[in-house]
Amino acid sequence: MYKYTIKRILLMFPTLLGAAVLVFFMLRLIPGDVCELRMAGTGMYVDKEAIATCQQNLGINAPIYVQFIDFITGFFTFDLGNSMWTGKPILHEIGLRFELSLQVAIMATLTATIIAIPLGTISAIKQDTWIDYIVRSFSIAGIAMPSFWLGILIILGLLIMTQKFFGNPWMPPIHYTPIWEDPVANISQLIWPAVATGYRYSAVATRMTRSALLEVLREDYVRTARAKGLLEKLIINRHALKNSLLPVATIIGLEFAFLMGGLVVTEQVFNLNGLGKLFVESVTNHDYTMTQSLVMLVAVVFILTNLFIDILYAWLDPRIRYS
Amino acid sequence: MSALLEIEDLRTHFFTSSGVVKAVNGISYDVQEGETVAIVGESGCGKSVSALSILGLIPSPPGRIVGGSIRFQSEDLLGLDDLQIRDIRGRQIGMIFQEPMTSLNPVLTIGLQLTETMEHHLGMDRADAEKKAVEYLRLVGISEPERRMRQYPHHLSGGMRQRVMIAMALCCEPKLIIADEPTTALDVTIQAQILELMKNLTKRMGVALIIITHNLGVVARYADRVNVMYAGKIIERGLAADIYREPRHPYTLGLLSSVPRLDQPRQQRLDPIDGQPPDLTRLGEGCSFLPRCKFSVEKCVSETPPLETIGDGHLSACWEQENLATARG
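Which chain is which? The protein sequence lines are A and B, in order.
Each residue of the first sequence is one higher than the one before, starting from 1 at the first, in this note's numbering.
Each residue of the second sequence is one higher than the one before, starting from 1001 at the first, in this note's numbering.
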């Protein structure tokens, strides 16, 4: 297990290198660059010399391999440089938003897990009863409903309900406060996007829990447990649930990694300055350094989440031996 | 003295989209204390379903017990509620399944799977149950039982797993053990060991045993009495020796002559039973073995032969059983 973990961590490097090559060259396939965009983007008079100077300053007219080596050495020495668009240090720009995005992702994952596992379990146990139908409708609705739309509904609902019951409309805070400065303000702002995305995310996980559990409940060893006269509660909790959580863990892990950078529209709705927004901005601005750094960050998150899930697998299922 | 287990006209049907499968269609048999009873028949004749019905383990839907009674120590098991039947399962009646590879939970240790039954039924604490579990593992012939307790099923071979299953079935000292094809999935060399072990332990502990099998060799060696099943019904019953020496149903006769025998010349060809067992969704009037029977008469088409006593403890459901006796003799 220990050996396996080390091997997996070492394997991160080739994977990251692959991601780096892809993003680096694909970005440069997009016509235009940050200087042209800044100088000529308005459609007014274009000063060719100014553009050349700009390119010179940012180093984007240097030979491509020089740029690539710069990028790679920068990444592995944690020196990501400055944003080409704002000129501010990338670590600083990302740092501001990383905390927020990470918190939303964790809260959404928690929400999803808390909803999905009990609901999926009940739904499987009460298969084809009205309880099952309600749970299934609830989860289908979650898949069908875009989280940003649910977000809008939540904000409107909050405004209308608080107006009705307390006389004054209340809205979640607009500005982000770190959780250690003011936990109440922080949570009351971030709980809503977490619920909006967590619901959709839980829908997938609920259905996965249900179908995995239904499959496990038909296994011979569950019949053995029944033949031993154990109570149904123990059979589900001890004999069935652990076996059925493997695919659920996979889904939850992948979704978590996706949330770190994929929440573009939901961030917009809740006015959050997160990684998703930064991502879109940096791509439209042809901000090579920033986009590269963000892609690498998401890649690292994906790899670490996968590693965590694999370790979780071994814990859930002793047959899986990593050696 | 009443029997340990009495099954009366048990009917278990499966309600599927392609019709009602009458897997068990009115069977009656009994098991005395400490006795070994075999239920023999080919695949799909309802022998496993009849066993699962005793403990209420029929998957429902689609299965349902639609009639009959199952009395265990004079208590009607079909009248019990869910909690009461769970007190019988594992505590009074143990069960051993066919597939040792899949019948143990892969993610739980052997120890936990053994102790949980004792903790649940006998109210033991963990430490006592563990001590007892080690004893039982030793009893079923597992080496280094203390170490095995912490292992998972995938560390054990099929034969070892079946031994664990036997320990699990025995550990609450039940009155009856139902073994559903306990050796079918095992290596031939292991089969005899496992059966020998089951026979010895049940005899020593005074536990009655129902062996469900399609293997007549198993029956001959280990069973006191035999019930032969065909198409959801018992068609012949008797002492194992009687059934062997003097089968009184064409199906039993067919089964016996399709097995190679050491006491007969080697050149003689085996004689398989032609045809297929009937579709259990469309059982009509008449004897269900009729299409495959070499001894049929006109009466067999219209009337189902009842299971009737033909000798001391020997019953057969065949109109022609007397002629069968003379034909063979």
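Note that these hints are calculated values from the structure, not bench results.
Ideal placement from N, C-alpha and C gives every residue a C-beta, glycine not left out.
Check each hint, because a few of them may be wrong.
Here are the simulated BS3-like pairs of lysine-lysine, each with C-alpha atoms no more than 30 Å apart in a straight line [claimed, not checked]:
id, chain 1, residue 1, chain 2, residue 2
1, B, Lys1203, A, Lys233
2, B, Lys1199, B, Lys1175
3, B, Lys1203, B, Lys1175
4, B, Lys1299, B, Lys1203
5, A, Lys233, B, Lys1132
6, A, Lys242, B, Lys1131
7, A, Lys88, A, Lys277
8, A, Lys277, A, Lys126
9, B, Lys1199, A, Lys233
10, A, Lys242, B, Lys1132
11, A, Lys88, A, Lys233
Just so you have them, the derived chain A footprint on chain B, three or more residues with Cβ under 8 Å [said to hold, decoys possible]:
id, segment
12, 1091 to 1097
13, 1101 to 1109
14, 1121 to 1129
- Item | Unsatisfied constraints (hint numbers, rising) | 1, 4, 8, 9, 11 and 14
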